[in-house]
Structure formats: C-alpha cells, structure tokens
Amino acid sequence: MNIETFVQAFAEQFDEVPAVSFTPKTLFKENDEWSSMTALSVIAMVDENYGVRLTGDDVRKSSTVEDIYNIVLSKTNA
Amino acid sequence: MINPFSLANKNILVTGASSGIGKQIAISTAAMGASVHITARDTNRLDNTLKQLGDGHHRHYLADLTIGEELDALTDSLPNLDGLVLSAGIVKTLPFKFVNHTELDTIMQTNFFSPIVLLNKLLRKKKLNKNCSVVFISSIGGNFIGAKGNSMYSASKGAINAMQKVIALELAPQKIRVNNVSPGMVRTAMLENTTAFSQEQIENDEKNYPLGYGEVTDVANAVIYLLADASKWVTGTSLLIDGGFTIQ
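In order, the protein sequences belong to chains A and B. 6 is the number that our numbering gives to position 6 of the first sequence; each next residue is one higher, with no gaps. 58 is the number that our numbering gives to position 58 of the second sequence; each next residue is one higher, with no gaps.
Bound-form chain A, shown alone (with noise of 0.2 Å):
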C-alpha cells in the first residue's frame, strides 16, 4: 500500500469536499462534510481495500489523513 492511493480513496469518502484538496497532512475532521457516517465509511472502506479492522478510537484519536495511514499500516504488518 501506498500513501497516495490511500489518500484517493480516503477523499473519496467525502461527497462535497473536492478529492484534489486532500493530502497526506489534512485535518480531515475540520470540514464541514464531516461526521459520524463519514467515520463509518472510511473504516468500511478500510476493511474492503485493505482487509484491515479500524475501531472508531482509531478514528476518534487520528487528526490527519497520515494518522490513519499509519494505523492502517501498523495493522497490516502486525
């Protein structure tokens, strides 16, 4: 896995926020389109792309997009 297609798909869990404005450092939950169902679906979209179990903590302690990132990582490997 990479980083950039990890951010791809992670934008693409938004409807309103253009993809092209995430990058690895954005505070993903400082946008309005942010929200409870959001949260849902990048774990969803988490456990389908890379057979990965995110928890909502992971969510709720994760800032970036990074953050995530490297959880997931962090999950793979282990």
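I should point out that these hints are in silico values taken from the structure, not numbers from a laboratory. Check the hints yourself; a few may be wrong.
[Stated by the list, open to error] Pair ranges (Cβ atoms, derived):
| no. | chain 1 | residue 1 | chain 2 | residue 2 | range |
| --- | --- | --- | --- | --- | --- |
| 1 | A | A19 | B | A162 | 40 to 46 Å |
| 2 | A | M37 | B | S6 | 44 to 50 Å |
| 3 | A | D15 | B | E206 | 48 to 54 Å |
| 4 | B | N208 | A | N2 | 23 to 29 Å |
| 5 | A | P24 | B | L104 | 31 to 37 Å |
| 6 | B | S77 | A | A19 | 53 to 59 Å |
| 7 | B | N208 | A | S21 | 32 to 38 Å |
| 8 | B | N80 | A | R53 | 41 to 47 Å |
| 9 | A | D32 | B | K175 | 57 to 63 Å |
| 10 | B | D205 | A | Q8 | 30 to 36 Å |
| 11 | B | Q52 | A | M37 | 36 to 42 Å |
| 12 | B | W233 | A | R53 | 43 to 49 Å |
| 13 | A | N49 | B | A8 | 51 to 57 Å |
All values reported here derive from a predicted model rather than from experimental measurement. From the three backbone atoms N, C-alpha and C, an ideal C-beta is built for every residue, glycine too.
Please arrange chain B on chain A, whose structure you already have, making use of the hints.
Chain B in isolation, oriented as in the chain A frame:
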C-alpha cells in the same frame, strides 16, 4: 398463589446461549424452574453457561445453526419443547453504500434464516408441545427505528417480526404462541466488540436513553414473561423494551 411466571416442568431451548443475552436467558429461565437446553457454536463458552445453570435437567448441544445437517442433528436429539428462545445473532456495522451480497447473506443467515429454519424443523418433527411459547430476540432496529450503519441487521430483525405475525396465526390452533422481544441497546460483549463506534460515541448514545442502556437481565425477564403461562393470551406481539428510547 401459584406463581404465574414459574417455568417449572417446562423444557426450554435457548439458542446463542454461550454469551450475552442468550446466556442470561438460559440462566434466568433455569432459575425460574425450567429444564434448559442450550445450544451455541463455542464448546468452552457453552460449557461455562451450563455450569452456571445450577441444579436441574439441563443439557447442552454444540451446533452451528447455519449448517443444515447440524440443525437436523440438533432437532433430532432434543426432547419435546414447551418453550423456544431464538437468541443467536450477530451484528455488522456498515454504511449502506458498503453493503454487498456476501455481507448481507452472512447476517441474514444467522439472524433470520437459521432461527426460522430451526422453528420450521421443530414443527415438522412435532417437537413443540401444545401451549409451547416461541420467543424471538429481535430489536428496535428495523422495527421501531433505524440507526446509521445498521441496515443489514435492521433488515434481519424486521424480517423476523414480519414473519412471526403469520407464524403466530398459523400456530394458534395448536395454542403455540409466537412473540418477540425488541430491545434497545443492551450492555453485552457484542456492544463492546462493535468497534466501529468509539467509547465516546457509545457514552453519548446512552444519553439518548431516558433509563440508560439495558442490562441482559432486563431482556431475560421479558422473555420469562413470554415463556410463562402468565402470557397465555399473548401472541404475535413485539414486546418493546428500550428504557424509553422510542417515546421521544
């Protein structure tokens, strides 16, 4: 006075009895005097439940109810029943957009097909006594409310309630009653394993319940009522127990 909630001299089968709500139903019905027959997929946890049932003619049956042959073997080895509690169930949280046929199939298999097919087989083999009470463990989800991420689980529980009404009508001539308990959120390992929500989100959700989240005993006590002769005029109903959640 005779205790109308007594389950003495009743043979009762409880599915999904190795943990959570099903486990408590087994323990509570045994305490009310029933001979309890329990089934689940996990030997060690099933053994553990059996040990907690205390004295009485209790038995356990290891079975995966999603496998046809195991269902047949289970129905053959059971005695005639006076009560049946269909409690085995699973949950998977997915936004609807991520739902697919495989995931939906898994949920429907355990939550809907298995309990319905088990009931069907027990009837065909004439294993349900006259005055038998059948209790499905359903949910407020799919019947009284919807919750985001819960579409598959809701579908399985809505299907139970829909089918139950017809089964209740068809079995009324034999005085077999068919009801369900529809609980709101109950504190179980299933809730703890529902990792899609953070602890913080769960704590906030509980604030929406006027009486807070339920305990497994709250569900077990409702089941005792529906199994006992106290409810002999009750069939085809959903007993809503939700700490006041849906009145708001």
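Legend entry - Ascending list of hint numbers which this structure does not respect: 3, 4
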